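A.B. asks: Respectively, the protein sequence lines represent chains A and B.
Counting from 1, position 174 in the first sequence corresponds to residue 174 in the working numbering; the numbering is continuous, with no gaps.
Counting from 1, position 109 in the second sequence corresponds to residue 109 in the working numbering; the numbering is continuous, with no gaps.
FYI, nobody ran anything at the bench for these hints, they're computed from the structure.
One thing to keep in mind: the hints can contain errors.
Identical copies go unnamed one by one, so any copy, or any two together, can satisfy a pair.
[Claimed, not checked] DSS-like cross-link-like pairs, simulated, lysine-lysine; straight-line CA separation at most 25 Å:
1. Lys119 - Lys130
2. Lys323 - Lys220
3. Lys72 - Lys359
4. Lys216 - Lys259
5. Lys130 - Lys359
6. Lys417 - Lys365
7. Lys323 - Lys216
8. Lys216 - Lys119
On a predicted model such as this, the values are computed, not experimentally measured, just so you know.
2 protein chains.
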Amino acid sequence: MKELLIQLNDQSPKYKQIYERVRSLIEESVLPKNTKLPSIRQLAAILHVSRNTTLIAYAQLLAEGYIRSEEKRGYFVEAFEPIHLHQTLPTKSIMQKKEKPIIVDFRAGTVDQQAFPLKAWRRCSNEVLKEDMVYTYGEHQGDHLLRSQLSRYLLQSRGIQTTSEHIIIGSSTQQLLMHLSLFLKNRFSSVAVENPGYDGARLVFQLHGFHLHPVKIGIKGLSLEHLGKTPSKLVYLTPSHQFPTGVTMPVPERHQLLKWAETHNGFIIEDDYDSEFRYKQHPIPALLSLQHGARVIYLGTFSKAFIPSIRLSYMVLPQILIKPYLERFTGIEQCTSSIHQRTMGRFMEQGHWDSHIRKMRTTYKQKMHTLVTCLQNTFGETIEIIGPQSGLYVLVKIQGSTKEDELIQLALSLGVKVYPTSHYFLKQEEGTFIKLGFSNLSIEQIQLGVQLLKQAWRF
Amino acid sequence: MKELLIQLNDQSPKYKQIYERVRSLIEESVLPKNTKLPSIRQLAAILHVSRNTTLIAYAQLLAEGYIRSEEKRGYFVEAFEPIHLHQTLPTKSIMQKKEKPIIVDFRAGTVDQQAFPLKAWRRCSNEVLKEDMVYTYGEHQGDHLLRSQLSRYLLQSRGIQTTSEHIIIGSSTQQLLMHLSLFLKNRFSSVAVENPGYDGARLVFQLHGFHLHPVKIGIKGLSLEHLGKTPSKLVYLTPSHQFPTGVTMPVPERHQLLKWAETHNGFIIEDDYDSEFRYKQHPIPALLSLQHGARVIYLGTFSKAFIPSIRLSYMVLPQILIKPYLERFTGIEQCTSSIHQRTMGRFMEQGHWDSHIRKMRTTYKQKMHTLVTCLQNTFGETIEIIGPQSGLYVLVKIQGSTKEDELIQLALSLGVKVYPTSHYFLKQEEGTFIKLGFSNLSIEQIQLGVQLLKQAWRF
């Protein structure tokens, strides 16, 4: 492919020269639609440049739609429509703009779109639209079918023995925490929270006037020693996959924590937001499952394991709280779509939920493995990977003095979006932690993303 | 139909004897499936009893599934399946049980199921399921398409000039009031509320620690004189169709109220929950539409005019509040299904919403007319009908000393469910008010219901 035998000069970055050359060859139709381009390795060899140089040039062409990548086949020229292009692209190349297009987005809290069981969900949803309940406000505590399916699922997957009478449906973890805050604020003036921890939960407690006591996170999760030193009798935590560090609280510590709640007449709010995805061992039993009559309020959500747009979460209240809770909220209508609730009930009843979770566990396990392997191979010991045993993201601890902001900007300059963690900390820790999610990235995108990060960070 | 020539005795109520005779004729297959029965009038003439007597007997047979009513054709014998019957019916007749089956339910807050545009909604919903937004958390303030459609609709239908930037989507009036309470409680310690008024709103304010100042309702809605005597600078009201009395605040009073808010640096929370259904005149413009920069927080809902199960409401914030509100709730996720939001956006965009509202206005107008005419013809001056100009229910004020509970029980004894209003009052008024909704009743059911009420109440 002699058109690509470019004479590279030193006046601008080499990847930019390659990008511009290929782009103009496509715009001038010298390289027509569907032409197969040389691989990243081949082009690097032809031009005597590093593979990273050709990789970045291709990534840019990909992002702008000049070329496409076909799995295991390589890169191909896309259809070029000059008129359309003039409308959507500025006259100067995007390369010269400050804001890069995003090539790989390591956002956590996304969902694998390819794997979503759209047909089964739509079928259940359309069935539900024929039911009379569509015309009503729905059950106060949440749809009974969904609650009964949840009680079955919680036993099977988390060892939690409960009944639909103890389950309250809500639209999100935050919405349920709002109700809990209103319910508990007369008995408790403060709440102990993890540090680092989920800022969205802290915000809800603050909005309701709770005083916050940050408690350190160690390798066994929330430090029970520190918890004991706070005056709080109420604690909010994520014991199974600590948010955001990913550590897990072992069983002996769980028993100690349950004991703490009993001794103090306190309550534990256990947020089990992504327990569905554990890759290396069987899930550790939920706090709620460890002790009969445990003083635990258990929270779960469909946002991570299914989709966030239906806004569907749930909580399990202990026996001693269920009656006063329901009494307190008599007259407050359920705020979650009863159509989605019933649809999820049918979806679970028909077995789609179990198979979806099984499938996603395999998919996400493979993605996690790819991300961790790529990171280790590329960065070696200059980084530490935290929390790869479960969940849909890892934290990367970076040695040295480079600040979070700078790392994010460097990544962005090559079109990679990575995420900060400093807002999870109430008191800043040593070192810099970057968050990388992968749920909606393909294996190839994960690989490309890590390569680009290496290029951007240069350590 | 000589089988129906029953010899009536005085040992039990006549309607009961007729009911039992017809029932056994059907059970013994003397009257086979699909036999046309004499009309209520004919049977009354044959047996020399009043029409109410035959009406109640038929109503009972209808409720138990022995006969069916076909519009404009009359009453027919239903298929009788003895085995099935033995399983579901107790050996003794339902007539002897304390709990009557409900024949006519005058519940408000229901929806006309026949008229629901199921196909268009399902089509929009299935289109939306193909969109990428299904896999995301959705926009913080609410779906942009829905907000832009709402701003168009609010201008057209309520004269409100606003932009999508001022609209916040929520899942229900109560949920939006919860957020407003959290937002406003630092500036206001009390709120003035209508008496009688919406108890669901009062409950939310109370949960958030507001002191309530009840303000009397007159024929022009909330008494501005009484409002002026309270220390509140925040007022929650339903000016267009006062809940539950149905009165409307005239335009001059609206201007006075706006002036009050301005003078006091206060805010008006205008709940416009069913303004879509006004039958006698053009809707009075919303408070928010009367003055540029009005200190009004406007609330609307899809629960009454569409369906409650999707849990979709909205509010319009004044310019001075929008920025601080959004700042306060940064980090709090939208809790309304973004699938339903986008579906409603498409539904409105494609014109289905406007035609649905037009159609429902005609349907509900006819039902309201039937209810009011029947009540007037049947009860004359012994009752007063309040609020027939708009909305989906009326209040019936009953003279005399019969208590609310007793009226409800008497109605129930003939299978009619009517609703109390005493929980809307913070201080009890003179007279007894019964609430009658009609949205999901047919014209025939409304007529039958009023006849049964006459029989039950006997005044």
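A.B. asks: How do Lys130 and Lys359 come out at 25 Å by Cα distance, when the copy is not named: within, between, both, or neither?
C.D. replies: Between copies, since 21 Å is at most 25 Å while 30 Å is not.
A.B. asks: For Lys216 and Lys119, with the copy left unspecified, which applies at a CA distance of at most 25 Å: within, between, both, or neither?
C.D. replies: neither (45 Å within a copy, 54 Å between copies)
A.B. asks: Are the CA atoms of Lys323 and Lys216 at most 25 Å apart within a copy, between copies, both, or neither?
C.D. replies: neither (34 Å within a copy, 35 Å between copies)
A.B. asks: First find the shortest C-alpha distance between Lys417 and Lys365 inside one copy, then the shortest across copies, and answer within, between, both or neither for a cut-off of 25 Å.
C.D. replies: Within one copy only: 22 Å inside a chain, 56 Å across chains, cut-off 25 Å.
A.B. asks: At most 25 Å between alpha carbons: which applies to Lys216 and Lys259, within, between, both or neither?
C.D. replies: within (19 Å within a copy, 53 Å between copies)
A.B. asks: For Lys119 and Lys130, with the copy left unspecified, which applies at a CA distance of at most 25 Å: within, between, both, or neither?
C.D. replies: both (17 Å within a copy, 10 Å between copies)
A.B. asks: First find the shortest C-alpha distance between Lys72 and Lys359 inside one copy, then the shortest across copies, and answer within, between, both or neither for a cut-off of 25 Å.
C.D. replies: Within one copy, since 22 Å is at most 25 Å while 56 Å is not.
A.B. asks: Up to 25 Å between alpha-carbons, please classify Lys323 paired with Lys220: within, between, both or neither.
C.D. replies: neither (34 Å within a copy, 42 Å between copies)
Against the hints set out earlier in the document, violations occur for numbers 2, 7 and 8.
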